[in-house]
Amino acid sequence: MFKTLYLQFLFGGLVSLLVITNPLSKIPLFVSLTQGMSELRRAQQARMACVYAAAIMLVCLLAGNLILAAFGISFGALRIAGGFVVAVLGYRMLFLSQDPGMAPKTNRREDYSFFPLAMPGISGPGTIAVVIGIATEIAELHSRTEKLLAFGMTMLAIVSTALVTWLVLRSSTLIAARMGRAGTEVLGRLMGFLLICVGVQFIGSGIRTFMAGS
1 MFKTLYLQFL
11 FGGLVSLLVI
21 TNPLSKIPLF
31 VSLTQGMSEL
41 RRAQQARMAC
51 VYAAAIMLVC
61 LLAGNLILAA
71 FGISFGALRI
81 AGGFVVAVLG
91 YRMLFLSQDP
101 GMAPKTNRRE
111 DYSFFPLAMP
121 GISGPGTIAV
131 VIGIATEIAE
141 LHSRTEKLLA
151 FGMTMLAIVS
161 TALVTWLVLR
171 SSTLIAARMG
181 RAGTEVLGRL
191 MGFLLICVGV
201 QFIGSGIRTF
211 MAGS
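Under our numbering, the sequence shown is numbered contiguously, ending at residue 214.
For the record, the hints were derived by calculation from the structure and aren't laboratory data.
Treat each hint with caution, since some may be false.
[Stated by the list, open to error] Below, simulated EDC-like cross-link-like pairs (lysine to aspartate or glutamate); rule was C-alpha separation at most 20 Å, straight line:
#: 1; residue 1: Lys3; residue 2: Glu140
#: 2; residue 1: Lys147; residue 2: Glu137
#: 3; residue 1: Lys3; residue 2: Glu110
#: 4; residue 1: Lys3; residue 2: Glu146
[To be verified] Ranges of calculated distance between the beta carbons of each label pair, as one might list FRET restraints:
#: 5; residue 1: Ser32; residue 2: Ser143; range: 45 to 51 Å
#: 6; residue 1: Leu7; residue 2: Val59; range: 21 to 27 Å
#: 7; residue 1: Ala177; residue 2: Cys197; range: 28 to 34 Å
#: 8; residue 1: Val186; residue 2: Val59; range: 41 to 47 Å
#: 9; residue 1: Ala139; residue 2: Glu110; range: 39 to 45 Å
#: 10; residue 1: Ser32; residue 2: Phe84; range: 42 to 48 Å
#: 11; residue 1: Ser143; residue 2: Leu94; range: 15 to 21 Å
Note that CB positions come from ideal geometry on N, CA and C, so glycine has one too.
Given only the sequences and the hints, what does the whole structure look like? Please build it.
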């Protein structure tokens with residue numbers, strides 16, 4: 001049981017979250033927004049952005065089922081809708097050209113850690129859909145022990161994702177110089193393809209849930 005939960009919720013959750021957050025794709029945004037800041041201030045922005053992003057994902061994991069119940073949304077419907085959102089985001093990354101150096105238009109200020117870095121940068125709609133989708137899978141486990149283990153594994157995956165993202169942002173200047181624009185674009189397209197796969201998996205899981213409940 002432990003091995004199955006480990007593979008599904010820790011390893012599988014970590015892979016899904018790293019693919020959807022795609023930390024390397026946040027480098028141009030981070031560099032653009034923190035240009036002119038001191039090294040200490042840049043480090044603080046990277047740290048707080050990842051703390052906020054992890055908090056957002058943890059809240060969605062713990063409260064996701066309550067939100068669904070409040071709006072009368074079934075697990076199957078959430079997975080299908082979330083799968084479409086993730087797949088569309090993957091399609092855009094794979095086929096639509098974007099300028100990775102463009103930052104959203106915001107008034108010049110000194111704190112970008114929550115918006116736009118944590119949300120929607122790291123914890124955007126796709127990330128939230130993935131986390132709530134995982135929460136629905138946990139809710140369908142049979143025993144309390146399995147649910148607690150799955151929650152623990154998923155929380156560890158979320159914290160690990162935030163840690164990896166923090167390491168990437170802290171090294172953003174060096175990584176951007178090494179990869180170059182072409183390298184960043186190639187990686188983004190690869191992540192886009194993987195996102196489409198994750199989205200299709202969510203849709204298939206949602207359809208199976210619908211069929212089982214009908």
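Results for each hint:
1. Lys3 with Glu140: 18 Å, holds
2. Lys147 with Glu137: The hint holds at about 9 Å.
3. Lys3 with Glu110: The given pair, whose Cα atoms are some 45 Å apart, is violated under the 20 Å limit.
4. Lys3 with Glu146: With a Cα-Cα distance of about 11 Å, the restraint between Lys3 and Glu146 holds, given a limit of 20 Å.
5. Ser32 with Ser143: 45 to 51 Å: 48 Å, holds
6. Leu7 with Val59: 21 to 27 Å: The hint (21 to 27 Å, Cβ to Cβ) holds, given that Leu7 and Val59 are roughly 25 Å apart.
7. Ala177 with Cys197: 28 to 34 Å: 31 Å, holds
8. Val186 with Val59: 41 to 47 Å: For Val186 and Val59 the Cβ distance comes to about 34 Å; the hint is violated.
9. Ala139 with Glu110: 39 to 45 Å: With a Cβ separation near 41 Å, Ala139 and Glu110 satisfy 39 to 45 Å, so the hint holds.
10. Ser32 with Phe84: 42 to 48 Å: 30 Å, violated
11. Ser143 with Leu94: 15 to 21 Å: 40 Å, violated
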